[in-house]
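Undergrad: Here are the chains, one letter per residue:
Protein chains: 2
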Amino acid sequence: MTTPGKTSIGFIGLGVMGQSMARNLLKAGFPLTVHNRSRGKVEELVKDGARAAETPAELARAVAIVILCLPDTPDVEKVLFGPQGVAEGAHEDLVVVDTSSISATATIEFAARLKTHGVAMVDSPVSGGPKAAVDGTLSCMLGGDASVIAGCMPVLQTMGKTFVHLGPVGAGQLVKACNQLVIAATLMGASEAIALCRKYGVDPVKMREALLAGSARSFVLENHAKRILDQTLAPGFRAALMHKDMKLAMSAGRDAGVFMPATALGVQLFGALCNTGRDGLDSASLGLLVQELSGIRG
Amino acid sequence: MTTPGKTSIGFIGLGVMGQSMARNLLKAGFPLTVHNRSRGKVEELVKDGARAAETPAELARAVAIVILCLPDTPDVEKVLFGPQGVAEGAHEDLVVVDTSSISATATIEFAARLKTHGVAMVDSPVSGGPKAAVDGTLSCMLGGDASVIAGCMPVLQTMGKTFVHLGPVGAGQLVKACNQLVIAATLMGASEAIALCRKYGVDPVKMREALLAGSARSFVLENHAKRILDQTLAPGFRAALMHKDMKLAMSAGRDAGVFMPATALGVQLFGALCNTGRDGLDSASLGLLVQELSGIRG
Numbered sequence: 000m001t002t003p004g005k006t007s008i009g010f011i012g013l014g015v016m017g018q019s020m021a022r023n024l025l026k027a028g029f030p031l032t033v034h035n036r037s038r039g040k041v042e043e044l045v046k047d048g049a050r051a052a053e054t055p056a057e058l059a060r061a062v063a064i065v066i067l068c069l070p071d072t073p074d075v076e077k078v079l080f081g082p083q084g085v086a087e088g089a090h091e092d093l094v095v096v097d098t099s100s101i102s103a104t105a106t107i108e109f110a111a112r113l114k115t116h117g118v119a120m121v122d123s124p125v126s127g128g129p130k131a132a133v134d135g136t137l138s139c140m141l142g143g144d145a146s147v148i149a150g151c152m153p154v155l156q157t158m159g160k161t162f163v164h165l166g167p168v169g170a171g172q173l174v175k176a177c178n179q180l181v182i183a184a185t186l187m188g189a190s191e192a193i194a195l196c197r198k199y200g201v202d203p204v205k206m207r208e209a210l211l212a213g214s215a216r217s218f219v220l221e222n223h224a225k226r227i228l229d230q231t232l233a234p235g236f237r238a239a240l241m242h243k244d245m246k247l248a249m250s251a252g253r254d255a256g257v258f259m260p261a262t263a264l265g266v267q268l269f270g271a272l273c274n275t276g277r278d279g280l281d282s283a284s285l286g287l288l289v290q291e292l293s294g295i296r297g
Numbered sequence: 000m001t002t003p004g005k006t007s008i009g010f011i012g013l014g015v016m017g018q019s020m021a022r023n024l025l026k027a028g029f030p031l032t033v034h035n036r037s038r039g040k041v042e043e044l045v046k047d048g049a050r051a052a053e054t055p056a057e058l059a060r061a062v063a064i065v066i067l068c069l070p071d072t073p074d075v076e077k078v079l080f081g082p083q084g085v086a087e088g089a090h091e092d093l094v095v096v097d098t099s100s101i102s103a104t105a106t107i108e109f110a111a112r113l114k115t116h117g118v119a120m121v122d123s124p125v126s127g128g129p130k131a132a133v134d135g136t137l138s139c140m141l142g143g144d145a146s147v148i149a150g151c152m153p154v155l156q157t158m159g160k161t162f163v164h165l166g167p168v169g170a171g172q173l174v175k176a177c178n179q180l181v182i183a184a185t186l187m188g189a190s191e192a193i194a195l196c197r198k199y200g201v202d203p204v205k206m207r208e209a210l211l212a213g214s215a216r217s218f219v220l221e222n223h224a225k226r227i228l229d230q231t232l233a234p235g236f237r238a239a240l241m242h243k244d245m246k247l248a249m250s251a252g253r254d255a256g257v258f259m260p261a262t263a264l265g266v267q268l269f270g271a272l273c274n275t276g277r278d279g280l281d282s283a284s285l286g287l288l289v290q291e292l293s294g295i296r297g
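From first to last, the protein sequence lines are chains A and B.
Okay, so the first sequence: first residue is 0 according to numbering that gives the first Met the number 0, each after it adds one.
Okay, so the second sequence: first residue is 0 according to numbering that gives the first Met the number 0, each after it adds one.
Hints should not be assumed to be uniformly reliable.
A pair counts as met if it fits within one copy or between any two copies, since identical chains are not told apart.
Here are the simulated DSS-like cross-link-like pairs (lysine-lysine), alpha carbons at most 25 angstroms apart as the crow flies [claimed, not checked]:
#1 5 with 160
#2 77 with 26
#3 26 with 5
#4 205 with 5
#5 40 with 205
#6 225 with 198
#7 160 with 205
#8 40 with 77
#9 246 with 205
#10 40 with 130
#11 246 with 198
#12 198 with 5
Everything labelled a hint here was simulated from the structure, so no lab data went into it.
Using the sequences and the hints, build the whole thing.
TA: Here's what the structure looks like:
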């Protein structure tokens, strides 16, 4: 149900995260137009009261704020600047909020190109996983002008609980890279700990329980490690996306000469995970790869 | 103040963790005898009502349960089996509870040797850091016979809040190794994230704040990362001990053929930290090493 007087929103990218975020916009009463590469998710949201747009340009013309939630940098570029892209539907006061996790450098470039169309951009990659997306309790890592961000806050508040303004456009993406590399490092540790227990006949379920009560506790140990132990490895967050995020972090680090050996290892391990046919599984399937490479069966 | 009828306890090793644990035993009314290599800490506890023992053997003769909280495997071996060691003071029904973090394999061997003296052993390494030691809220990772552990529970409950019985003697130490390698992996990630932010002029304090609200959140990000950002690097938990723990984890992994590349990296990085004169600083000083190696000053 749409509340009169609310800002009209366009949402592009109805994946695991995007569809929950779009649904929360509808619930909050925002007039919503959606676009997605595949049609199935669009139909579901149309049933719930959204309008469908055939192209990003058509969507952009109809709304005041365009939100993107796309897999990777080239997807964002295509949706913004490709044929029938957002830029073609540009109009005064249009704002693009990118919740995708993409390159910080490319984000700065995209923002500059959008500016030539009179369009402002905010990067707001998110963390917290699918459950936080459903609950509207994501952590939003914001980059962009403070005044533009302020104007987007009523919209962002339907998705997230924590908002940290990290700096100019691109700063949100840099911090999202930090988020992912910390998750990956913790997940590598958790995977090795589980394999070590298995090899010694110590119950890794009890190990996790003990660690959750001490200094090793983390969201990853709580959630990802549980997925490894239960072998529930349907995504969730796909290994291919984690591999992409690790490459983004590594590339940012390399450009600036940052010493990042754990991130480098993460690029390699998530690469190996994808190379062995598990790109479509949850990123926690790293735990199974580590077990395999330790000679642990099933 | 000693409560009549309570089991007499001996405590050996009054370091950062040990002195807090011993003090909690006194508070709970256990008759306590203490021994330590250096005398200063002994005097403090004697003022609070503890008795002092000149040697581990003398201490063992006087008590029903001996608790150890020592830095490393050779220290435990010396206190148990060296001249005037615990074994020389062995008597019927004596139990040794080792809260040190040492080799699981050596622990199994020590338990077997103690058994020839009629002494039972439990390994109960702890996690949670100095604050949890003061508060008596440590996580205790228990290895040993269930009946022996049951007999020690009133004593353990003065120190800890969470007790997980992980298996036979040595299982607690294996899981403590898991705990440490997970902390080290997370700390490597947090250190790299802070360096990445610094290089790009993004405020790492805000980065930490954003990450604590999402899937990257952890005790390490809350505590260790704060120490890095505040540069409060007096221990806490010394880098030298983390290096020792990583070597213990790696050696357990190597013996069993476990694939542990993140742990291997941790051995190297904490080794480098010790090799550059920071063995006496808190393990969080890894963050400063990563910044140095990224060319970040001050």
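Undergrad: So, for every hint listed, does it hold in this structure?
TA: Going down the list of hints, with the structure as the test:
1. Taking the shortest alpha-carbon separations for residue 5 and residue 160, only the intra-copy value of 20 angstroms comes in at or below 25 angstroms, while the best inter-copy value is 50 angstroms.
2. Taking identical chains as interchangeable, the C-alpha atoms of residue 77 and residue 26 are never at most 25 angstroms apart, the minima being 29 angstroms within one chain and 67 angstroms between chains.
3. Within a single copy, residue 26 and residue 5 get their C-alpha atoms as close as 12 angstroms, which meets the 25 angstroms cut-off; across copies the closest is 61 angstroms, which misses it.
4. Taking the closest pair of Cα atoms, residue 205 and residue 5 never come within 25 angstroms of each other, the shortest separation being 50 angstroms inside a single copy and 31 angstroms across copies.
5. Neither within a single protomer nor between protomers do residue 40 and residue 205 lie at most 25 angstroms apart by alpha-carbon distance, with minima of 40 angstroms and 35 angstroms respectively.
6. In the homo-oligomer, the alpha carbons of residue 225 and residue 198 lie at most 25 angstroms apart inside one protomer (18 angstroms), although the nearest pairing across protomers, at 35 angstroms, exceeds that limit.
7. Proximity of residue 160 to residue 205 under the C-alpha cut-off of 25 angstroms is restricted to the inter-copy arrangement: shortest distance 15 angstroms between copies versus 32 angstroms within a copy.
8. Taking the closest pair of Cα atoms, residue 40 and residue 77 come within 25 angstroms of each other only inside a single copy of the chain (20 angstroms); across copies the shortest separation is 67 angstroms, beyond that limit.
9. Taking identical chains as interchangeable, the C-alpha atoms of residue 246 and residue 205 lie at most 25 angstroms apart only when they sit on different chains, with a minimum of 23 angstroms there against 34 angstroms within one chain.
10. In this assembly of identical chains, the alpha carbons of residue 40 and residue 130 lie at most 25 angstroms apart only when taken from the same copy (18 angstroms versus 49 angstroms across copies).
11. Taking CA atoms no more than 25 angstroms apart as the test, residue 246 paired with residue 198 passes between copies only; the shortest distance there is 18 angstroms, against 31 angstroms inside one copy.
12. In this homomeric assembly, residue 198 and residue 5 never come within 25 angstroms of each other (Cα to Cα): the closest approach is 58 angstroms inside a single copy and 40 angstroms across copies.
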